[in-house]
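2 protein chains.
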Amino acid sequence: MKQRKGVFLSLCAIFVIAAGIFIVSAVTSDSQQAKLSASAGQIAQERGLSPADISAALKTYVPTGKYDDYLMFSSGGHSGQVLVIGVPSMRLLKVIAAFTPEPWQGFATGAKESGDLLDGANMPLGTNRELRWADTHHPALSETNGDYDGQFLFINDKANARIAVIDLRDFETKQIIKSPNMISDHGSTFVTPNTEYVIEGSQYAAPIPFSDYAPIEQYQEKYRGLIGFYKFNRAKGRIDMASSFQIEIPPYWQDLCDAGKKVSEGWLFCGSLNTEMATGGFGDGKPPFEAGVSQKDMDYLHVVNWKKAEAVVAAGKAKMISGIKVIPLQTAIDEGLLYFIPEPKSPHGADVSPDGNYIVISGKLDTHATIFGFDKIQKAIANKTFEGKDVFGVPILDFNAVKAAQLEIGLGPLHTQFDDKGNAYTSVFIESTMAKWTLGEPYNSGEKAWKLVEKIPIHYNIGHLVCAEGDTVSPDGKYCVSLNKWAIDRFTPVGPLHPQNFQLIDISGEKMQLLYDMPIGIGEPHYVQMIKADKLNPWLVYPEVGFNTITMSVDPKAAKSGSEGIVRNGNNVDVYMTAIRSHFNPEHIKVKQGDNVKIHITSIERARDATHGFAIDGYNVNLSLEPGEASTVEFVADKPGVYPFYCTEFCSALHLEMAGYLLVEPNQ
Amino acid sequence: MKQRKGVFLSLCAIFVIAAGIFIVSAVTSDSQQAKLSASAGQIAQERGLSPADISAALKTYVPTGKYDDYLMFSSGGHSGQVLVIGVPSMRLLKVIAAFTPEPWQGFATGAKESGDLLDGANMPLGTNRELRWADTHHPALSETNGDYDGQFLFINDKANARIAVIDLRDFETKQIIKSPNMISDHGSTFVTPNTEYVIEGSQYAAPIPFSDYAPIEQYQEKYRGLIGFYKFNRAKGRIDMASSFQIEIPPYWQDLCDAGKKVSEGWLFCGSLNTEMATGGFGDGKPPFEAGVSQKDMDYLHVVNWKKAEAVVAAGKAKMISGIKVIPLQTAIDEGLLYFIPEPKSPHGADVSPDGNYIVISGKLDTHATIFGFDKIQKAIANKTFEGKDVFGVPILDFNAVKAAQLEIGLGPLHTQFDDKGNAYTSVFIESTMAKWTLGEPYNSGEKAWKLVEKIPIHYNIGHLVCAEGDTVSPDGKYCVSLNKWAIDRFTPVGPLHPQNFQLIDISGEKMQLLYDMPIGIGEPHYVQMIKADKLNPWLVYPEVGFNTITMSVDPKAAKSGSEGIVRNGNNVDVYMTAIRSHFNPEHIKVKQGDNVKIHITSIERARDATHGFAIDGYNVNLSLEPGEASTVEFVADKPGVYPFYCTEFCSALHLEMAGYLLVEPNQ
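Which chain is which? The protein sequence lines are A and B, in order.
The first sequence begins at 50 in the numbering used here and counts up one residue at a time.
The second sequence begins at 50 in the numbering used here and counts up one residue at a time.
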């Protein structure tokens, strides 16, 4: 009791001093403000805030006009989009339309440019079908020397095996590729340390290509997995499929990957599950996947030498399948570019430490973080320290020869991130905690190495976690965010579909502190990357007027100020239109029923935030025209009538007046 | 200086006492927490928080597991959706898919139920076209006796004149109607005090119906506006079009409406602009709309006696057009159910005071709030105190006879809300402020009535504003939110398309205080309503298993646990499937190319937050199955191949294993 009193008195002194600083500064500047400060304690008391709550409130509040320190790029899960979130305020700054049409951004809701982009990523010939949603999983920021460079963002679509490329100059999607041969992915996207390749691992095995039917009974014989390496042309900002390749792998379910960096640069590590090759069939008297996939104590970490794979492709040893070079499994084995390491049990994450030497694996049906050493892996490969081969002939490295450490951290560990002090942070799904533990040499030595430090409870069901730049060569520490799958009772109820929950955790102190619960009521985020905000340098307006946001250059066909008008050739009508506060020019589009109408529209605004929308009533068209942007709308005026068009983005006091009429005269 | 010192000392005393309370309670409970409290001042200093920032942080922070006091239902603008936001935390709790397909919620992305809902609101025959976006503007919560009852939410689509009905038991869209005759709306949705009708006013005039072409030169003769009264059947939770009607009105651009309440119950007040009947034509040598619409100093407030209109319809005096009863303009005039009042100049809002007696008008090209008295309006109508008729013969009430007051409040006033202390709050667009002013009798008397009290600057371009229950018969006071159209420099830049900005303002004290900036990076919210959270009582799971969320009852055709299986009739294949952690039953769907496949799938979960998704790779299908929900997917298996299906909502440690295969055997 004596000790407590002492603590109380000294704490009180600190508090009063701190309070004094505020009040003095406040009073000398503004007595109104001082009043507010003085009432802070009263506010907290009235609102029932604990001291921890007060600290959290002050650590996360970002006043008007002040900027967040970090931006998170979060998958929007099966919304198909990407979320951009500020840290520490945990405010949603933008939803980027990646795969799903989004009218506010004018993404594939009438604009020819983004419509073509999405159409180009429909299901390929033979299975052609329009795709208008996605299950985004793993965003990957472009890297230079293993560090985020703030230029591009890649994200996959698990449901259809596609990849979107987002340019961080304007935060818009520029390319979507439908991966050849693959029907679903999961371990995607990841980049190599200089973004030479964007990497995608398949999820559920299928014949290659998946449109080649084979009965499920021929699973081992005919079904396969794939890892794709898609060459990224940084200057063009595009994936170049002609220089890309895939590697055929066994029909296990490949899970997450991480590219080697620094000492392990040139290598790739991918977890896998279902090395049992269970094929399900529940309902037909067979065990369900959930049982069949979880029988073995060990699955296989896939260790891939992608630099060697590149050379094998260059040497002409790949086969062309569906327009892409594929290295056959046997070639991968023969050329020594694919090895397995036993990994316990049904792992999710494979995460490489900042120095590149440690690969951390956590089996979700295990209680350990298992750490392999890249130095040991190299030695084992050189010495052929194998414990056998899998049924396809892939050599399996001896577990004990490559193991650097194994830590008991809790039930259901999944993914691992790193800080700047030699610590690792692992999400522990089943027990709903985040575990902090120490890495070994050179980060920590002797007694201090490989120790569980602390666990913080989260609410509830943590999947991935992210720490500030926590998967790069130079993590920042400071913050981690627990990406919780369930929110249950954390938020005011909003019906049977509950939000997810991002919990911001301060990792800068001696003890981890929960700071903030952010509901995610717009998709189920899967993975997130967190980048220092000052690494980004986005445009505030487009650099020139008449800008095509797909080619990222001035479109010579864009409508120009002074040359507005309507040009008719037979039943083809070209409208050259400009938009500026507060009118469109022209305001009347008079056409005849059946005309092919093409509207070329350019925003000639230069002011930041002076965005215009362009909607045609009844025509299912809405564009978003940021200052300088040029876009095109194409349609057949097949129905007669009077259809207003108008600006959908409130732009000025006379915004309502920014309108016109599409007049479609009927055929007699 | 002397006075300041005195203030300082007494403030300091209060602060220390308040601090003491915290620290004592903290120390007695947890010394770790006390440490945090003591460091609060240090945190604020390090982060550069002013006393006002500290106060704001403490007033808005909602700790984990604590609930927000209010929910805001915000239009998502041209995203086509509705946003649900907690107050005071300003956290986005959910995006409700209203008009735009949204895969996370499984809204029209493969589920037959919601797909049919959206298809039913496509453009009508003659202009049939698929609509897959909307421009939502004005949410309206259902009311009982003029107060929010928390049961339903209505919202309009300005771009295509549609209305969505959302049930607040599950926060999902249950009905979408395409308004007959109207091509665009704006003044919509509003409800009568007991939700007898959902009201919609047209925006840009067009022929009736709009598919009846008439050249723009025949504007005055052939173009018309409409006000729709759509009968709401509360028991069924549906608009009943057979009991609904519209009133033909002049081709002005009708703007916002508000239904009378208490003393003015039975009446409706709608602003209008473009009483000039400008038709634009910029580019053809004519003045643009922005000039033509803004010539007259007065436009016309439309005063509608809807109870009389109801009687006129019942008496068979309406005409049937496109399947709905329409009261012709001349009938409306003859029957004395439509009057005009001059209103200055290009007004946006028409807002009725809590007691129903004052109608507040603000012309966006004016500097005043103009207030009409309902008592004066009644007297003027009774005495025929008209200042003339408009060109269509609608009687215009004498401005001075109905004016209760006029206040100079600033440049570009738009919309008005109310508090519980007899104050009104008006958004002032051009000067970017929110103005607080006093109402007259019975709220305030003599000198205190009709006075501008205070203005608070906002950042930037305030459109609507919302205060807690601020448009009902019993506003709560406490909070207002400024719905800003531009954010400009308020947030970390995220490209040329900037977020909007919601600024939370504390109106409970003597002075208004800006508390929080919330970026809206997912659409452009237009109007918002704010309801006390405890008025809502949403379901946490569906009440029974096999629930059809459109009929809101158990679907007799829903798949049942124990009766799973596949039934083939010729080339029709019915799959009866259940979903529960962590498997689908059945896991294999084997069909032949060309089969018509119908999957009836039921979530047999009962635990809160145990949602499953159901995606078929490559088939553009994703469902969201909340606990108990039953849904149906229908497709032709027209392409051969192997297509995994899987759960898209992370549901358990074995979520990845919750999968199966759709195997489509090719025709020979």
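If you're looking for bench data, these hints aren't it; they were derived computationally from the structure.
There's no promise every hint is true.
Which copy is meant is left open, because identical chains are indistinguishable; a pair holds if it fits in one copy or across any two.
DSS-like mimics (lysine-lysine), calculated; alpha carbons at most 30 Å apart, straight line [unchecked claim]:
no., residue 1, residue 2
1, Lys-609, Lys-335
2, Lys-115, Lys-504
3, Lys-500, Lys-688
4, Lys-560, Lys-356
5, Lys-428, Lys-366
6, Lys-609, Lys-500
7, Lys-606, Lys-335
8, Lys-366, Lys-606
9, Lys-227, Lys-647
10, Lys-115, Lys-527
11, Lys-438, Lys-356
12, Lys-560, Lys-115
13, Lys-366, Lys-311
14, Lys-688, Lys-271
In this text, all values refer to a predicted model and were calculated from it rather than measured experimentally.
To see whether the hints hold, each was checked on the structure:
1. Lys-609 x Lys-335: Intra 66 Å, inter 20 Å, cutoff 30 Å: inter-copy only.
2. Lys-115 x Lys-504: Between copies only: 23 Å across chains, 32 Å inside a chain, cut-off 30 Å.
3. Lys-500 x Lys-688: neither (72 Å within a copy, 54 Å between copies)
4. Lys-560 x Lys-356: The answer is neither: 42 Å in one copy and 66 Å across copies each exceed 30 Å.
5. Lys-428 x Lys-366: within (27 Å within a copy, 94 Å between copies)
6. Lys-609 x Lys-500: This pair counts as neither: shortest intra-copy Cα distance 66 Å, inter-copy 50 Å.
7. Lys-606 x Lys-335: Answer is between; shortest inter-copy Cα gap is 26 Å, intra-copy 61 Å.
8. Lys-366 x Lys-606: So Lys-366 and Lys-606 fail the 30 Å test inside a copy (44 Å) and across (55 Å) alike.
9. Lys-227 x Lys-647: both (28 Å within a copy, 27 Å between copies)
10. Lys-115 x Lys-527: Both. Shortest intra-copy (19 Å) and inter-copy (25 Å) distances satisfy the 30 Å Cα cut-off.
11. Lys-438 x Lys-356: Only inside one copy: Lys-438 and Lys-356 sit 23 Å apart there, 84 Å across copies, limit 30 Å.
12. Lys-560 x Lys-115: Cα proximity of Lys-560 and Lys-115: in one copy and across copies (27 Å, 23 Å).
13. Lys-366 x Lys-311: within (28 Å within a copy, 83 Å between copies)
14. Lys-688 x Lys-271: between (51 Å within a copy, 19 Å between copies)
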